[in-house]
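Take the sequences, apply the hints, and build the full model.
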Amino acid sequence: MIYLAILLVCLLGAGIAVIIPSERYRPLILPAVGVAHFGLVLTILEGSDAGYWRHYLAIDPPGKIVLLVISGLFLVCSFYAVGYLRYRTERINRVFCCCLPLFLGAMTLVTCSDHLGVMWIAMEGTTLSCAPLIYFNRTPRSIEATWKFLLICSVGIALALLGSFFVAYSAVSQGIAPTLEINGLVRQAPHLNAAWLQGGFIFLLVGYGTKMGLAPMHTWKPDAYGEAPGVVGALMSGGLTSCAFLMVMRAGHILQAAGQGLWTSHILIFMGLLSMAFAALFVVGQKDIKRMLAYSSVENMGILVLGLGIGGPALFGALLHIINNAFTKGVLFLSAGNIHRAFGAKTTPEISGAMRRLPLSGMLFLLGFIAVTGSPPFGPFVSEFMILGGAFSGGHYWAAAAFLILLLIIFLGMGRTVLAVVQGRPSSAARRTRYHDTFLTAAPILLTLLLVLMLGLFIPPPLAAILHQAAAFMGAKR
Amino acid sequence: MLILNAVLVLVILMNLYALGAGRMSSLVRAAALQGVLLGLLPVLALHDRGGVPLVMAAITVAVKGLLIPYMLLKALRDANVKKEVEPIVGFMPSILLGALVTGFALLMAARLSGPRHPLGLLVIPTSISTIFTGFLLLTARVKAVTQTIGFLLLENGIFVFGLLLLAAIPSLVELGILLDLFVGIFVISIILHHINRTFSSLDTRQLAALKE
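Chains as they are written, first to last, in my numbering: chain X, 210 to 687; chain C, 285 to 496.
Because the hints were derived from the structure by calculation, they are not lab data.
If you're wondering where the values come from, they're calculated on a predicted model, not measured in any experiment.
We put the CB at the ideal spot given by N, CA and C, even for glycine.
Relax, there's no trap hidden among the hints.
In silico BS3-like pairs for lysine-lysine, Cα to Cα no more than 30 angstroms straight-line: (1) K495(C) with K496(X); (2) K358(C) with K357(X); (3) K496(X) with K357(X); (4) K495(C) with K357(X).
Some residues of chain X that are not near chain C, with every Cβ distance over 12 angstroms (derived): (5) G224; (6) Y234; (7) V291; (8) R297; (9) P399; (10) G470; (11) A486; (12) T557; (13) G624; (14) R641; (15) T642; (16) Y644; (17) P669; (18) P670; (19) P671.
Spelled out as structure tokens, the structure:
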């Protein structure tokens with residue numbers, strides 16, 4: 210029941226956003242939806258509610274983590290969006306304010322669905338509600354980015370549907386009644402046909418991997434993140450990708466129950482390192498700060514998949530890294546958005562001396578970079594260290610070595626661009642815009658950064674409990 | 285069974301026709317006809333033909349056979365651009381490639397060991413053939429509308445595979461999938477409108493500003 214309530218909140222928010230006539234007051238619906246959603250999520254995390262539609266809607270422990278992440282990130286972004294839209298009065302924000310709650314609703318449905326079909330519908334829903342958000346700026350470049358995003362993700366997602374069907378068909382060829390319910394599939398997994406199951410997993414990985422932005426299916430990512438407003442980039446790189454990773458985790462869970470854990474782990478480790486390698490290749494010498502963040506997102510998706518593939522202690526690290534990555538990406542995209550606004554540009558020769566022009570956003574961008582590259586004392590350091598530790602204790606020495614080398618290359622590559630952005634003085638040619646940091650465009654970022662810092666120093670016991678529960682659910686031992 | 289197989293063969297023929305179609309409107313018509321055939325398939329595959337499958341069939345025919353083709357034709361009319369398909373891979377090679385893959389899929393299905401599915405041998409090859417046709421249209425044609433039709437055929441192919449799982453796919457989920465497809469094509473047609481207004485063409489080769 211509570212799942213329906215939470216979805217209703219998102220739908221209502223979208224509906225009210227369409228009705229409100231005032232451009233100035235319409236964005237206020239976003240924080241309202243954010244607060245209501247977060248409150249309901251906290252109730253979901255406390256109790257175990259079977260609900261009326263138990264064949265479709267139920268939340269598993271990893272789903273709880275992702276749900277908490279998207280709700281928290283949306284809450285932060287909703288307040289930021291109010292401040293952001295005050296600077297974008299030249300654009301009508303009706304579609305923007307309507308699509309953000311819809312996007313949140315679709316992501317919520319992904320986390321609390323227990324049916325491969327429902328999950329697929331929700332995931333395609335995220336693609337569709339997100340496309341108008343990317344297109345907010347209405348430039349030729351943003352049309353191109355939206356078109357590529359829509360087409361590539363829709364095709365990817367279509368393959369994931371085929372993968373879901375393959376997984377279900379693995380029962381038919383064994384003479385068992387087929388089902389698309391995840392719980393049911395896990396239960397009948399040991400009796401399923403291995404070949405169809407493996408084929409299904411490959412399609413699911415390619416399909417939802419496209420949505421995550423795993424290399425080599427990541428090509429839409431730099432374009433979309435580069436052209437979308439910062440707040441959309443934050444929600445996509447923190448929320449949407451986490452949802453897609455959740456789908457990969459659930460697919461992996463079915464395969465593991467079928468005794469295919471070793472096979473999937475090899476594939477996942479390979480895909481993870483490949484994504485990190487692609488990110489390292491393109492992040493070096495990247496002049497566009499938002500595209501740079503997109504490649505950093507490709508890297509972090511690789512880290513998540515690598516952690517899932519290694520398993521054991523690394524699995525706990527990967528689950529923690531979902532939270533760390535999402536909030537760190539929030540800090541980076543929102544502060545990059547502010548810098549973009551203040552300079553009217555997002556490439557390095559045009560931006561320099563961000564610390565002088567925007568002391569707060571510049572500092573937050575720099576600290577976000579330090580956090581995302583896995584430096585202490587921030588959260589990503591802890592989770593990446595756990596994944597590394599898991600790789601060593603699991604005997605994956607080559608993977609561990611490659612992981613470390615790639616992290617170093619990406620640190621150096623990103624560092625060069627970030628330092629060029631924040632240091633020095635604004636060049637005389639740099640445009641001056643009327644943007645300056647306000648409470649609403651800076652405080653949410655500062656709060657998020659403090660959260661990332663806290664996760665690096667200690668994990669609150671309730672959160673640790675959920676993480677342990679999820680790790681146990683996914684089978685920490687292999 | 286006989287009728288089911290006949291309809292599946294028609295679906296395959298539509299694929300080959302779509303690969304050879306030189307005018308945009310005939311391509312849309314091929315996709316529409318295939319959509320109608322797809323709507324009939326679940327009714328033919330089920331033994332007990334109650335009310336629900338008939339309603340589902342009617343909705344599928346309405347969405348895939350009427351609504352979506354109508355939106356695409358409207359997008360084409362609004363764009364008012366050249367109506368030729370403009371292939372990267374020529375029509376004849378496309379048809380040959382499609383026929384080759386279809387034949388190979390049929391051959392593999394006949395050789396496949398294990399228990400036979402009660403729906404017969406044609407379902408999986410038809411699905412593979414349609415999915416491949418979709419991919420070919422997505423990659424080997426330059427116009428944005430043609431790529432959209434490629435995506436549509438890709439979905440059609442997956443729908444055909446879904447025939448094998450009719451018992452496992454609740455009507456609610458099926459409706460959700462159709463709704464997603466409909467909204468998807470709707471959003472795509474809006475974007476097509478904007479592409480055309482900004483670039484004065486629907487040629488996707490123009491969309492090349494964003495790269496490393």
